Structures are given as structure tokens and as C-alpha cells.
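A.B. asks: Turn these sequences into a full structure, and let the hints guide you.
The opening position of the sequence shown corresponds to residue 1 in this note's numbering, with each subsequent residue numbered one higher.
Simulated from the structure, these hints should not be mistaken for laboratory data.
Don't take every hint at face value.
To be verified - Derived DEER-like restraints, expressed as beta-carbon distance ranges: (1) Asn-157 / Asn-57: 26 to 36 Å; (2) Pro-86 / Thr-185: 43 to 53 Å; (3) Asn-169 / Val-124: 15 to 25 Å; (4) Gly-101 / Glu-158: 40 to 50 Å; (5) Gly-145 / Val-124: 19 to 29 Å; (6) Gly-38 / Ala-125: 21 to 31 Å; (7) Gly-38 / Gly-217: 33 to 43 Å; (8) Thr-181 / Glu-77: 31 to 41 Å; (9) Glu-178 / Thr-27: 18 to 28 Å; (10) Ser-186 / Ser-166: 32 to 42 Å.
Because the structure is a prediction, the values reported are computed rather than measured.
Glycine included, each C-beta is placed from N, C-alpha and C at the ideal position.
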Amino acid sequence: MKNMLNVAVALAALTLGTAAGATNLVTNGDFEATTLAGSHEFGDRYSTNQVTGWTTNGYNFVFAPGTADNGTGATGEYGKLQLWGPGNGAANGLTGASPAGGNFIGADGAYGVDAISQTIGGLVAGKQYDVSFWWAGAQQEGFDGPNTEQWDVSLGNEHQSTAILSNGNHGFTGWRQETFTFTATSSSQLLSFLAHGTPEGVPPFSLLDGVTMEAHGAVPEPASWALMILGFGATGAALRRRRAVSFNRAY
Numbered sequence: 001m002k003n004m005l006n007v008a009v010a011l012a013a014l015t016l017g018t019a020a021g022a023t024n025l026v027t028n029g030d031f032e033a034t035t036l037a038g039s040h041e042f043g044d045r046y047s048t049n050q051v052t053g054w055t056t057n058g059y060n061f062v063f064a065p066g067t068a069d070n071g072t073g074a075t076g077e078y079g080k081l082q083l084w085g086p087g088n089g090a091a092n093g094l095t096g097a098s099p100a101g102g103n104f105i106g107a108d109g110a111y112g113v114d115a116i117s118q119t120i121g122g123l124v125a126g127k128q129y130d131v132s133f134w135w136a137g138a139q140q141e142g143f144d145g146p147n148t149e150q151w152d153v154s155l156g157n158e159h160q161s162t163a164i165l166s167n168g169n170h171g172f173t174g175w176r177q178e179t180f181t182f183t184a185t186s187s188s189q190l191l192s193f194l195a196h197g198t199p200e201g202v203p204p205f206s207l208l209d210g211v212t213m214e215a216h217g218a219v220p221e222p223a224s225w226a227l228m229i230l231g232f233g234a235t236g237a238a239l240r241r242r243r244a245v246s247f248n249r250a251y
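C.D. replies: Right, here's the structure in full:
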């Protein structure tokens with residue numbers, strides 16, 4: 001009887017987990033898959049380094065963990081690029097990786113600005129989708145002055161923007177998570193992240209990681225509901241049998 005109860009509970013948990021789970025439609029949203037190891041400028045503007053699934057012509061970089069401020073930096077069009085952080089004398093809290101872990105993107109929002117984009121397929125026109133991501137504001141090492149950072153996010157022709165973060169001299173804003181809800185207008189649309197920063201020449205860098213896109217609310221499909229009900233039903237039946245056996249033994 002105990003084994004039957006365990007099986008029923010496991011079935012209910014499995015069906016609930018399957019029903020509640022959502023499918024992430026973004027490829028390589030953590031930016032871990034690249035054609036070159038380490039930290040580099042990426043896209044078609046200068047570097048031969050590519051980040052799988054993403055395209056850009058902007059002055060954008062992918063930073064491997066622990067390289068943004070420790071002297072390693074990122075190889076780019078004008079040599080090595082670093083961000084202000086503890087590794088180069090700015091006790092601003094910049095860490096070696098984002099909360100999502102691993103690589104993250106750094107985009108100059110005032111020079112060579114171009115979106116980081118990916119075509120998302122499998123959409124249903126009229127259906128809502130949640131785009132979530134981690135982001136922060138930073139400053140390029142070797143430059144001085146307060147600055148601001150922001151991301152403009154779009155799905156097709158629909159645009160939404162983060163707050164504008166004010167960042168002090170040699171500063172780092174800290175990571176924060178954002179979620180925007182978009183409505184699809186076709187089965188395939190372009191998802192884009194465009195950095196905005198001020199002033200030019202400081203330079204302000206917007207950071208990005210952990211991009212996901214899932215159906216809004218992750219409502220289970222009808223088939224998943226049926227499996228969930230079956231699982232709960234099996235659990236209830238097993239509990240009733242167990243109680244009946246306990247009652248009979250008591251008398």
C-alpha cells in the first residue's frame with residue numbers, strides 16, 4: 001500500500017511539473033555558446049567571434065566570467081576593453097559573472113549602437129509572451145564621469161524600455177531582473193535589445209544576461225490538465241484505501 005501511495009504521489013508531482021513548465025523560445029539566452037573562447041567583441045562589425053543565435057553590427061562585447069575588470073578584458077576593434085570594477089581599483093561591486101552565471105553581454109549605448117537580435121519562431125499570433133532578462137549599468141575602464149544606461153527591448157514593432165539607471169563615476173548599478181510582456185503578431189518575429197547610454201565618450205555600458213521568452217502565465221495545455229487530474233485522482237484513491245485499511249485494523 002505504501003508503494004502504491006508513493007507511485008501515486010510521484011505521478012501527481014510529475015504531471016503537475018510537466019503542466020506548469022514553460023518552454024523557453026530563446027536560443028543561447030545565457031550567451032555561453034560562442035565561436036571563440038574568452039572575452040571578445042562579437043558580431044559582424046569587426047570581430048570574427050559570433051554568439052550563437054544572435055546577430056549585431058554594434059560595438060558589443062561578450063565577457064567571460066571574471067574577465068571584465070581583472071586585466072584580461074575583451075579583445076576588440078581598438079584593443080583590450082575593460083569595465084571599471086574591483087579588479088582595477090573601483091570598489092563598485094562589479095562581480096565576475098551575472099546572477100545568471102557565466103558569460104554576459106556589454107554594449108556601448110552611445111557609440112556604434114546597434115541592436116542585439118534573434119529571430120524567434122514558434123509563436124502564435126495574438127498570444128502573449130514574457131521576455132525576462134538580467135541587466136545592469138557599468139562604465140568602460142580608463143574613462144571618467146557619471147553616466148546613464150538603459151535597454152530598449154522589442155518584439156517586432158512593439159517596444160518597451162527599462163528604467164534609465166544613473167551610474168556614478170567608475171560605477172556599477174548592480175544587477176536587476178526585468179520582465180516585459182509582448183503580444184505576438186505572427187509566427188516568427190525579431191527579438192531585439194538596443195542599449196541606450198549617455199553621455200558619449202564616457203563610455204556607458206549596458207550589461208545583459210539570462211534572456212528567456214515563454215508563453216505568458218505558462219497555462220497548461222488541455223492534455224496536461226488531464227494528466228494532472230489523473231495524477232491527483234490516483235493520489236486521492238491511494239489515500240482513501242490507506243485510510244480504509246487503517247480503520248479496519250482499528251476495529
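A.B. asks: Does the Cβ-Cβ separation between Gly-38 and Gly-217 fall within 33 to 43 Å?
C.D. replies: 39 Å, holds
A.B. asks: Determine whether the Cβ-Cβ distance between Asn-169 and Val-124 falls within the hinted range of 15 to 25 Å.
C.D. replies: 47 Å, violated
A.B. asks: Is 26 to 36 Å right for how far apart the beta carbons of Asn-157 and Asn-57 are?
C.D. replies: Given range 26 to 36 Å: violated, Cβ gap about 20 Å.
A.B. asks: Holds or violated: the 32 to 42 Å window for the beta-carbon distance between Ser-186 and Ser-166?
C.D. replies: 37 Å, holds
A.B. asks: Is the distance from the Cβ of Glu-178 to the Cβ of Thr-27 consistent with 18 to 28 Å?
C.D. replies: Holds, at about 20 Å.
A.B. asks: Do the beta carbons of Gly-101 and Glu-158 sit within 40 to 50 Å of each other?
C.D. replies: Violated: the Cβ-Cβ distance is about 29 Å, outside 40 to 50 Å.
A.B. asks: Evaluate the given range 43 to 53 Å for the C-beta pair formed by Pro-86 and Thr-185.
C.D. replies: This hint holds: roughly 45 Å between Cβ atoms.
A.B. asks: Using the Cβ atoms, figure out if Thr-181 sits within 31 to 41 Å of Glu-77.
C.D. replies: About 36 Å separates the Cβ atoms of Thr-181 and Glu-77, which means 31 to 41 Å holds.
A.B. asks: Go ahead and decide if the range 19 to 29 Å is satisfied by the Cβ distance of Gly-145 to Val-124.
C.D. replies: With a Cβ separation near 46 Å, Gly-145 and Val-124 fall outside 19 to 29 Å, so the hint is violated.
A.B. asks: Is it true that Gly-38 and Ala-125 lie within 21 to 31 Å of each other by Cβ?
C.D. replies: Given a distance of about 41 Å, which is not inside 21 to 31 Å, the answer is violated.
Of the hints listed earlier, those the structure fails to meet are numbers 1, 3, 4, 5, 6, in rising order.
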